[in-house]
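Asks: Work the whole structure out from these sequences, hints included.
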Amino acid sequence: MEASEFVIRLAEIAEAPPEKVSADFHLADGVWDSVAWASTVALIDEYADVYVSAQELAGCATIADVLALARRREEA
Amino acid sequence: MMWGLPESPMGRRTAAVRAIRSYVPERKLTNEELAREYPDWDVAKIFDKTGISVRGIVAPSECASDLGVAAAERLFADGVATRGEVDFLIFCTQSPDYFLPTTACLMQDRLGLPTTCGAVDINQGCSGFVYGLSLAKGLIESGTSENVLLVTAETYSKHIHESDRSVRTIFGDGAAATLIGAEAGTEDAIGPFVLGTNGKGAPNLIVKAGGFRQPIQIAGEAGAGGREETPSARHLYMNGAEIMGFTLQTVPKLVNALLQKAAMELQDVDYFIFHQANKFMLEQLQRKLRIPPEKFCINLQHYGNTVASTIPMALELALREDRVSRGAKVMLVGFGVGYSWGGTILRLGEIL
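For the protein sequence lines, the chains are S and L, in the order given.
Mapping of the first sequence onto numbering that gives the first Met the number 0: residues 0 to 75, in sequence order.
Mapping of the second sequence onto numbering that gives the first Met the number 0: residues 0 to 351, in sequence order.
Where hints are given, some of them may not hold.
With a straight-line Cα cutoff of 27 Å, these simulated DSS-like cross-link-like pairs (lysine-lysine) come out [claimed, not checked]: (1) LYS48(L) x LYS157(L); (2) LYS252(L) x LYS199(L); (3) LYS19(S) x LYS207(L); (4) LYS48(L) x LYS19(S).
Note that these hints are calculated values from the structure, not bench results.
Keep in mind that this is a model prediction, so the values were computed, not measured.
Replies: Next comes the structure, spelled out in structure tokens:
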């Protein structure tokens with residue numbers, strides 16, 4: 000999965016309005032609830048084949064933060 | 000050759016699934032009702048996220064044993080077994096009628112099973128059907144029992160706060176009764192098994208209050224039966240993200256370990272029935288394991304997640320819809336609360 004697709008799919012999960020789909024989208028401006036977190040854990044697993052905890056996700060403010068977290072865990 | 004059981008010309012004694020019947024309570028909770036309560040989730044979105052259209056919900060006076068008895072009565076009504084043939088009852092639930100006695104003892108009487116019948120409860124959740132099969136196989140192949148009735152039943156709706164849509168949209172109440180009997184065969188009809196446990200995951204799917212660690216006071220507390228505005232310790236708590244992570248980490252390893260133990264390849268399995276947790280999670284597992292979609296069961300639309308009963312309910316439906324037939328090798332995988340997990344392979348004979 001390309002990073003650009005990751006951004007689009009995470010934006011879908013967080014229900015970002017179409018005009019605001021970008022890595023800078025603030026997750027709190029969308030739907031960032033427990034269901035979205037579960038979907039994001041699965042998305043990161045698909046993107047990088049790594050597991051991130053709910054606690055780690057809680058530290059992410061934007062889509063770019065989540066992408067960076069996935070990449071850090073992938074490299075670790 | 001099994002220890003103590005000599006080979007016969009017909010092969011050795013092996014346990015096999017003979018029949019499955021399920022029961023879902025009459026009262027139903029639809030996506031339309033849920034959409035009215037959670038205005039930012041419409042009907043299509045609830046279905047899209049869960050794969051569920053409708054869930055059975057018990058009446059306040061209805062217990063897991065009532066659902067279990069109703070499922071078992073269907074076996075007897077359809078004539079697939081007589082009451083006198085059952086010589087062991089395993090009741091798998093996390094919602095017993097009482098702290099004591101054992102709910103299976105009450106069910107022996109209600110079902111009119113012989114007093115020579117063994118009866119025991121096992122407390123296990125989403126892995127419970129696989130665990131129950133492993134115990135039934137042991138009872139039969141050791142010569143202890145001839146016909147084991149494995150009943151799974153759950154009433155999670157009693158634990159769910161109405162405001163918690165993350166669990167209310169997913170779980171449904173229901174029961175399944177599975178008859179496992181002895182037959183002569185040259186290969187296992189059930190097995191091998193791979194089981195596992197990680198109690199570190201306990202806090203992620205839990206009802207904290209109601210046992211002795213955190214009792215519910217009888218007098219003057221809403222928790223004793225009154226209505227509370229927000230979820231409390233007596234309600235089901237699920238950390239969905241952690242459960243998703245656990246599942247995606249654990250289930251592929253379980254599947255690979257089971258294939259190795261059974262000396263099989265993924266493509267040797269005709270059909271995969273995983274615990275029907277929710278559609279999204281199942282799709283992730285199917286993708287990750289590269290299982291062809293036509294071989295992978297996603298069928299929880301009419302029941303929801305009925306915990307230990309999802310696997311037998313899905314198998315019953317697959318048989319009825321001719322998606323599996325005699326001779327098929329079916330992989331069953333249960334995983335969830337505990338954390339607890341287990342997998343096995345059925346070689347289907349004639350299942351009524």
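Asks: When the hints from earlier in the document are held up against this structure, which numbers fail?
Replies: Of the numbered hints given earlier, the structure breaks just one, which is hint 3.
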